[in-house]
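Position chain B relative to chain A; hints supplied.
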Amino acid sequence: MTRVLITGNQAAAWGARLARAEYVPVFPITPQTEIIETLAGWIDHDEFDCRMVMLESEHSMITAAGAAAATGVRVFTATSSQGLMYAMEMLYSVPGMRAPFVLVNVSRGLQTPLTLEPDHNDVLAARDSGFLQVHCATCQEVLDQTLIAYRLAEHHKVRLPVLVNLDGFYLSFTREPVEIPEPAAVDRFLPGYDAETTRFHAGEPVSQGVAVLGSSPYSYFRYENHLAALQGLPAYEAIAAEFAAQFGRDYAAVETYRSDDAEFVLFMIGSFATKAKDAVDRMREAGWRVGLVRPRLLRPYPDAALRGALAGKRGVAVVDQNLSLGKGGILHGELASVLYGQPDAPPILASFIGGLGGRDIGPEEFFEMIRVVRQAAETGITPPPRLLFTKNELREVRKMQAIAHIERKEGKS
Amino acid sequence: MSEQTVTLYKRMKDLPSTRILGAGTPMCAGCGGLQALHEVYDILGEKTVFVNAAGCMTLLAVYPFTPFRGSWLYTSMSSAPAGAQGVRDALDILLARGRLKPEEDLAVAVLTGDGSAYGMGLSATSGAIERGLDFLYLCYDNEGYGNTGQQTSPATPHGARTATATGPAGFGGYKKDLFAIWAAHRPAYVATVIGTEPLDLARKIEKAKAMKGPRLIIALAPCPTGWDFDPMETVEVGKLAVKAGIWPLKEYENGQVTHTKVPSERAPVEGYLKKQGRFAHLFAPQRDEALIADIQARVDAYWAAVEGAR
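As given, the protein sequences belong to chains A and B, one line each in that order. In our numbering, each residue carries its 1-based index in the first sequence increased by 2. Anchor point for the second sequence: position 254 equals 249 in our numbering, and the numbering is continuous, going up by one each time.
Next comes chain A alone, as it looks inside the complex (with noise of 0.2 Å):
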């Protein structure tokens, strides 16, 4: 066991080398590409036994990953953002060959505008692609969560692709202490891939992606395909609590921090939760009842985990790092389908929409957050969803409005 000093993309990286991909096809775009510059590293110095192809595309990296992986061996893929829109086609279509393998991705805000810092709508555009969604919070949590990712990727019950997250910037290029796993002891937890009756060879016709007539078997496959998934859910607690016994770090479906005996809870996914936990620590400190439930899974949906750490509270603050634009926060819609109706559950459920375009959420935001929670607490009224914007922010906005004005109007004489 090593532990060294690396960034989200380099332990991603790593995860995959560890558990020993075969296949990486691959295509570059920012802040994924240092992880498969790392695996080229390797591969061309011969200290990574695997196959690198360049494709011309996400979406032909996304059909060769698919191919590949439906051909029997074991397949390792990443991208980001605009890479996952554009191979969107296929990570709708490749779940449902039921061919097992890992895409890392590299949240980063979509157009337009074009940016290349992080938010959560990219891959929360993959929500429902039947893709497994695994949020990563430290550089750690992406090597380990690869591994784990492959065991249930590849798990007898489920046999799905899983999607493994981290935030642009915050984690793909931020250094973190990465306790690198010993080989022989990820080989005891992630044996070779068993493509078992999933793969091509003569004798043995298998037809892949193929057709239906009828809504019979449409809707047949569809629900196979959404039952997998469900069983992904024990199959990760199984894994993820095999992973702790064996490697010492738990890795919950749920993670709650100071939440148990909290009356306000801050709900959020991914890298800005390391905030939100350190704000916790300040309002603990000035006495205030908080905590922080972080789901890890997102597909499959944990909704009985969430039940249980959210039940008896008193509010919640749901913090989007995304926006569905005419609706609001993803995670907000998400989590209230799962409370409503619940004996416990908390009576407001406030939403808060932040981070776009890597912005970032500053402690007396998340202080600001939990009084409002209180506030509507104590009168019964859920406050309206709230866009985090500060008057510094505007005021930023408006300078470059009165440049892009003045060169509008001067540029002309």
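These are computed hints drawn from the structure, not numbers from a lab. Computed from a predicted structure; not experimentally measured. Positions of the beta carbon are idealized from the N, C-alpha and C atoms, including for glycine. Just so you know, not all the hints are guaranteed correct.
[Claimed, not checked] To be clear about the criterion: a stretch of chain A counts as covered by chain B if any three or more of its residues have a C-beta under 8 Å from a C-beta of chain B, and this derived list gives those stretches:
1) 59 to 65
2) 89 to 98
3) 363 to 377
Leaving out everything else, chain B in the frame of chain A:
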């Protein structure tokens, strides 16, 4: 044909007499694409995995039936060559690691229509050729988006009526030269074929089968439904396409293009055009002499260039 190939197929009677593609597919009666696929599959053999893009032939494998004795992978309209890349690479990895016996190996063949090959799938094809992928690409070209009712595609010929070109002059554009685009990538092999010239087709597929690297075949696919002719005329229409010089049979290898069947006396294009409802507006209510002459002139110019290059 190059001299080093000793073909098994010298005469028509040398062609395979049993068909390995099953009957009863949902293709239209008289489908020229299916005819070509039959002939190609007979030569390739059942140790082939077909990687398909959205098109008419996507409906060959409809759960739980398939006419193929070998394997099948449907991908999407644009990424069949990338699917072939994944399958080929994975087979190679399995072979290298001893997890696949050499006799279990498969030939990887992409099967798409012209809609995918000439347009949406061109980027993925370009990538696969540039990477030197060891695969065979079969495009059945019925000169339109046939599966959706024959709208104009990048393969539609000048003057043809399509579901989206219904005016008196038909389609105003010109058929894209996919052969030249593919050949410009300098792959191992490119050829045009047609099911109605089975000997020429068999020799080309035989040759392609023995090669490594990217091998790409365009089969003109006379289409009774899309081109509007009686299904019993498929063979006649296909033969006329070759005789009139509309569909030159040729191959590319080692930087050279060779015409494999040069019509000694080219039939006028009119006979080919008249057979098909999609060109009926050239002849009624009035003959469109200018358009017929334009189509003829373009065919003549093509062959003049071929003969001039000799």
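Check your understanding: Which of the listed hints are broken here?
Key -> 3
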